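Residue strings, one per chain:
Protein chains: 2
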Amino acid sequence: MTEFTAPSRRQLLTAIGKAGGAAALYHAMTALGHAAPTQFNGPPKLSGARKGASVVVLGAGLAGMLAAYELSKAGYSVQVIEYQNRPGGRNYSLRGGDVVKEVGGAIQQVKFAPGNYLNPGPWRIPYHHQALLHYCQEFGVALEPFVQLNYNGYVHSDKAFGGKPQRYGEVATDFKGHIAELLAKAANKNALDDTINKEDRDKLVEAMRGWGVLDKDMAYKSSLKVSAQRGFDRPPGGGVGGAPTPSDIFGLDDVLDPRMWQTISFYFNNVMQTTMFQPVGGMDMIGKGFAKQLTGKIRYSSKVTKIAQGDSGVTISYEDTATGAKGEAKADWCVCTIPLPILSQIEVQASAPMQTAIKSVPYHSSCKIGLEMKRRFWEEDEQIYGGHSFTSQSISQLSYPSSGFFKKGPAVVLGAYAGGAAAFQFGGMTPEERIEEALKQGSVFHKQYRAEYSNGVAVAWSRLPWILGCASSWTDDIRKTHYQNLVGIDGRVVLAGEHASYVGAWMEAALLSSLDAVTRLHQRAQAA
Amino acid sequence: MTEFTAPSRRQLLTAIGKAGGAAALYHAMTALGHAAPTQFNGPPKLSGARKGASVVVLGAGLAGMLAAYELSKAGYSVQVIEYQNRPGGRNYSLRGGDVVKEVGGAIQQVKFAPGNYLNPGPWRIPYHHQALLHYCQEFGVALEPFVQLNYNGYVHSDKAFGGKPQRYGEVATDFKGHIAELLAKAANKNALDDTINKEDRDKLVEAMRGWGVLDKDMAYKSSLKVSAQRGFDRPPGGGVGGAPTPSDIFGLDDVLDPRMWQTISFYFNNVMQTTMFQPVGGMDMIGKGFAKQLTGKIRYSSKVTKIAQGDSGVTISYEDTATGAKGEAKADWCVCTIPLPILSQIEVQASAPMQTAIKSVPYHSSCKIGLEMKRRFWEEDEQIYGGHSFTSQSISQLSYPSSGFFKKGPAVVLGAYAGGAAAFQFGGMTPEERIEEALKQGSVFHKQYRAEYSNGVAVAWSRLPWILGCASSWTDDIRKTHYQNLVGIDGRVVLAGEHASYVGAWMEAALLSSLDAVTRLHQRAQAA
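Respectively, the protein sequence lines represent chains A and B. The opening residue of the first sequence carries number 2 in the working numbering; numbering runs sequentially from there. The opening residue of the second sequence carries number 2 in the working numbering; numbering runs sequentially from there.
The list treats identical chains as one, so a pair stands whether inside a single copy or across any two.
Listed below are the simulated DSS-like cross-link pairs for lysine-lysine, each with C-alpha atoms no more than 27 Å apart in a straight line:
hint: 1; residue 1: Lys222; residue 2: Lys190
hint: 2; residue 1: Lys204; residue 2: Lys165
hint: 3; residue 1: Lys199; residue 2: Lys165
hint: 4; residue 1: Lys190; residue 2: Lys204
Read the hints as simulated data drawn from the structure, not as lab findings. None of the values given here were measured: they were computed from a predicted structure.
Construct the entire structure; sequences and hints are all you get.
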């Protein structure tokens, strides 16, 4: 008897190619681990819910709204209960007239000019977040490119270049050039001979020469050729004075500063790679696009106080946040997308493992500060069109708008995107102090900063009462113990949201988690 | 007596800073060679032309039209003579209904669907081409981002990966990882100790570890951490099956293929760096924007046959290309922007050095092929949104549209952008053969290519009768002998155009050359 032998990938692909042609083959290649950009394989095909079956969804963020949308399509009677008076959850945009209230009492009135906004939460969409891109199309949310990598943005470290910010393109070119020179030198001294063969060594040396723009002596030196990458002191022009002059290169020591290569590395992150997108007009266009599919199904301004379940269904207790009036919602099933810092404070009738999991996932914070400037001086004076400037300071980065290029009039820069400990430091300040700190730090990049500043808003996620944090911050150990307990269906309740995923703090996480949850819930409901 | 000593840059900057504040300081820093992105310092302030002074401009490309615009503003009576029946010169777009006629008789009817276009000439604008960006604003030409660097485009070499195209992001990440491992190894074996000090060596090793995503043994190996850059075999997802699996890394030998590092290097070119722009709706929006400023001043369909000059002015002989009717235009001065392959065939009364210069500048060619596909399969099937795929084949690259993302219906890809010898090879084929070749080669990237192909147009610049080439191709030697003779004012004639610049084949070259030419001409005219 022959033991079962798994066919090789090639065997499978050949068989599939014969059976289904190129399209099937491509799909199969994707499925088998070649060039797999996403776990999204199209919307779930749920249908045929039992007559009268009902679901209550807690939270009208993207996870909750997608669950409500797909379960409605499948035939369930669906209601959504949302704490805030708007859809979207962390997917939102702040515009002039909006108010931000914090735990601790601070209240900010947003004063941006019409058309301007800050996206305090998600603000960019990777090309491979295919579930999100799919639903944006399905719901008519217009997208435009988000300018991610801008070679003309700055990089700043207090430990390099005497603290002077430098253009990303100059730093990245010189980092590459110095690396290439060092590696070519080592190769030519036979220092790699125990590692690579002669043929690869020769290819390597040629690669270093070309990639690094080394001269005939394999040195990285200031030249017109090098300047054609990093930029010129006097760029090429027209007519009698058109001849260019080369720029000086930076020294090895400066470009080896960690902030430099960390910035170069940043753009290699799969979730940070170009092409990226943003909705035209603000990130909340996505939340609004989802909400349009759920007219009449979302109860806003309702605080969930208890999630009870029994053999016959779930009972959700809530309070109207305006009137204090209490209410109950009953359904056969519950999809709960409430963020864990809030959910862990609510009475939930669930198994002990899920209860423990709910309380076990730490959340990180984040602070985003939007600064409205009187004009686009970064474009007009410094030729920076979108993208970022990175710094070793606690604001971490400064980002320039990806839309409205060349427009006259005020525009909003992201003046801080602090994470880690810095996010909590910012959270410990008053909004005014946060903005002052952002102006102080941001001035390292732009002399015009304070003079052009008009108004701002500083969102410290740890202080937002509806979430008390930014996003889940799983560790490998916590994941091992608690993840499956958190995401498994518990009686009649299933959790969804970015915290119920491996993706991290992205809208795609909320969607993929939601699709998985509703698919399983539907199977369970049909089998029940 | 003290000899004159040039003040140091710092001394100058300090003095300027005291006198004029931050804005002046920034401007001075730019002028003195720090972060100088362009030679453009705002439009020329020409004014007060002598009463009745006149200029004839030959060519209604960007150089000619800008000259006409600025000289008109300065008070000159200006007329423009243009061979073609449209403005823009090399700045143009082909749309459905357009006709392309070649030397040799081939005629192509463009059949693109409404809204689709190919830009046979310029197609992207670097952020530092400030003259062009300035006039786009002045003339109301709307711009949108051109997606240049797309990590999800492909790179293909017939000598690497068994000829299979790979995603740019995977190749670039692995190139970086292998380089980092080799250099860290060399450093740790003290092979660099005669080159860098211990402190820099330690910084270097840490940089290689971080930048290259090396493991604890300083090896570049397949892992989830590496996959977080290059992409996963199974990417992170949501719910119960959310755990990712790592992708395999490529071997050193494959990523050292020249096509790979040449592609990585390409994006470092100063003129290729992000952020880039394109006009909304087609590149010819720029030519049309310029032409709107010159209503009634451009005589189209007029072939210049002679450029005569004397002490009192210039006389331009021309023929109407439709009727054959001969005409003459007289003016005090002439700005001639006719490309040199054409100008060298026209009788020009100029000094012997200028005559020789006109005949001495070689032109390179280029072949661009626009292929209309029935749908955006690169987006729908392969998550490629704008940007390029590069190949070692003669088509050189395949580029995806930077606008209309996610739209249903037909779209135009740039199916070839051949330069060097390949451009002449394509020029030697019939248009049908060029398209067939592009389809054949492009199929290496996309299995869907032939099935989705609808129609196309192939523009071989060497065969366009109004230019007979793509752009000037100066060498250092030719530049040394002839450049100043070409650009200097010769009697009453001055040449302008990209050939009269150090910039190369860019619209900015035409503009900077033109601005320099008209500034000098105005000075000469005022002094005459």
